[in-house]
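Asker: So you can see what is in the structure, the chains are spelled out below.
2 protein chains.
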Amino acid sequence: MTATALAFDLGGTDLRAAIVTQAGEVRQALTVPTLAREGVDAVLDQMTSLAKTLMAGTDGTIAGVGLGAPGPLDPLAGIMVAPPTLSGWHDVAVVKRLSARLGLPVFLDNDANVAALGEWRHGAGRGFETVLFVTVSTGIGGGVVSNGRIFHGRRGLAVEIGHMTISGFGPTCLCGNVGCFEALASGTALGHRGADAALRPGGEKIAAAQSAIGRPGARAVVEAARVDDPVALALIAKEAEWLGIGLTNLLHIFSPDIVVFGGGLSNAFDLLIGGIRSVVATRAMSAYRDVVIVRAGLGTNAGLVGAAGLVFTPSSSATREDRHQT
Amino acid sequence: MTATALAFDLGGTDLRAAIVTQAGEVRQALTVPTLAREGVDAVLDQMTSLAKTLMAGTDGTIAGVGLGAPGPLDPLAGIMVAPPTLSGWHDVAVVKRLSARLGLPVFLDNDANVAALGEWRHGAGRGFETVLFVTVSTGIGGGVVSNGRIFHGRRGLAVEIGHMTISGFGPTCLCGNVGCFEALASGTALGHRGADAALRPGGEKIAAAQSAIGRPGARAVVEAARVDDPVALALIAKEAEWLGIGLTNLLHIFSPDIVVFGGGLSNAFDLLIGGIRSVVATRAMSAYRDVVIVRAGLGTNAGLVGAAGLVFTPSSSATREDRHQT
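Protein sequences appear in the order of chains A and B. To convert, note that position 62 of the first sequence is 62 in our numbering; the numbers rise steadily by one, no gaps. To convert, note that position 211 of the second sequence is 211 in our numbering; the numbers rise steadily by one, no gaps.
It should be emphasised that the hints constitute simulated quantities derived from the structure, not laboratory data. One or more hints might be untrue.
Copies of the same chain look alike in the list, so a pair counts if it works inside one copy or between any two.
Said to hold, decoys possible - List of simulated lysine to any residue pairs, SDA-like, C-alpha gap at most 20 Å:
hint	residue 1	residue 2
1	96	227
2	238	126
3	238	203
4	52	40
5	238	72
6	96	230
7	238	178
Chain A on its own, in the form it takes in the complex:
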């Protein structure tokens, strides 16, 4: 019989759940809009209900429950601290509460770490010893899997790469500093530069893309670049430069065997990778220049596959109980 896990990908918009096999196969995925404004119990009720539906439809044993959730959270203590997209979730012992409801061991980690684990187990990072997963969307996040373990650091707070200072100038970040990787290189940052360009002469193609999409954002810049708009291409080149500077730092810091590039902006990976590689070739020390940089392989399933991975690679996880046994 195939070993399976129950996997949850909890976001501020959608709550996804599935049975996932040890081989990374996603079965019976269900998605519901997260009751994000209705507090902890409402969401735990949703999860319990999804679990019952999924478990009723499976004939095998469920080895455990994996939960990928928005940070900040403490995977070591099994506590979600204060996710900005979920109202009322302050210091919630979600591992304990969900485990009591489902009668199964629960493993928690933040969404970027879970996606990193998923890409290492079954995606673009498979077979590599040290995998750096970087997700570039609204913000920039990351996760490192090394020797089969998520690199957690104190309170599971490691690889908060979005707030790495890479410049002495630039827009002020939400964190209050200037020069954060995220403030310069996130999809949001690219979208802002696109919105500015759309107001200036030459920005007509970007402006048209914004109108067609219904709002400004990175996607409008990417779509204009895909029809060879020179202004959009210049913005993409600048975006690749900032990404390259940040990634070069991370190459020196983690020396990954592979960089897996995910998040919304990975849809423009083909447009960005040339510029990123050029910056790495210029800025990285020679021993780091040939590191493989690829687009994430699991797409929207990374969260589910990775959450199941928390169950199947227990040493990768770090619930307090588990750590004390090792």
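Fit chain B to the supplied structure of chain A, relying on the hints for placement.
Answerer: Relative to chain A, chain B alone:
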């Protein structure tokens, strides 16, 4: 009988060797000037000779040989690649050659990783799960020990923190980039700023310290600061700011339980720590602000104690043989 290891701390100036107990006690340390310009065999002869002297004086069994050496080197393959301070050392399979000479297993790692391991086992980082060791001297290096293992990354090249870009301006680094942590915050950088200040009005105290020492450098700035020279104190404050910016990045990236500050500039730790903490308190996200930052505890013995640690914590080491067994 106490388990002991034979430890080498190989530098471009000095070669140190000692018997080190499993408890981290350094016995019979010997130091000779490294025959750095005379090639590989000359240095291996020195090591063999020191080993024989030390082993003749010990009554117990030597569990193995630990070697801390200048990078770049590949601890996984046991190869020293091209240390700039040792002539003729290009792609030397030092683990294999030294093991053949001494008839003992040999464990190799770079000096910053070895010092990190030493501080974790027996120094300021003892008892902490994730230790970030930062050494600030001529350059800036680092090592991370997490869950009892040195964080190596591909080819053992991780934690090359000196070439992390933290600014868009500043002096050009030896690596060719602008804005490297090392180019802005190393002892060398502080010494250059001191030498500039010494030539300007108000720089008399620093100039006097340079004359007394015999050359410009960070030490002259530190000595002038110790007698409350305002120009030197301003340079120390700027140095602390750069160190704080770089350390804040590393707090977000590694989330260490403790930062252990070593290297030559750790002699000025008391002068720097206030400014460093102030920058961390301003720039780090709140969850990272209370991380302990302390001065290294082992001083010049960190290399020897850490090299022995490679023998006594085999999972921390990463020679190819060892890794393939795990």
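Asker: Evaluate each hint against the coordinates.
Answerer: Cross-check of the supplied hints:
Taking the closest pair of Cα atoms, residue 96 and residue 227 never come within 20 Å of each other, the shortest separation being 51 Å inside a single copy and 57 Å across copies. In this assembly of identical chains, residue 238 and residue 126 lie within 20 Å of each other by CA distance neither inside one copy nor across copies; the values are 31 Å within and 44 Å between. For the identical chains of this complex, residue 238 and residue 203 are intra-copy neighbours only, at 16 Å inside a copy versus 42 Å across copies, given an alpha-carbon limit of 20 Å. Proximity of residue 52 to residue 40 under the C-alpha cut-off of 20 Å is restricted to the intra-copy arrangement: shortest distance 18 Å within a copy versus 67 Å between copies.
Taking the shortest Cα distances, residue 238 and residue 72 never come within 20 Å of each other, neither inside one copy (30 Å) nor across copies (32 Å). Proximity of residue 96 and residue 230 under a CA criterion of 20 Å is satisfied in neither setting, with 54 Å inside one chain copy and 56 Å between copies. For the identical chains of this complex, residue 238 and residue 178 are neighbours both inside a copy (18 Å) and across copies (17 Å), given an alpha-carbon limit of 20 Å.
Of the hints listed earlier, those the structure fails to meet are numbers 1, 2, 5 and 6, in rising order.
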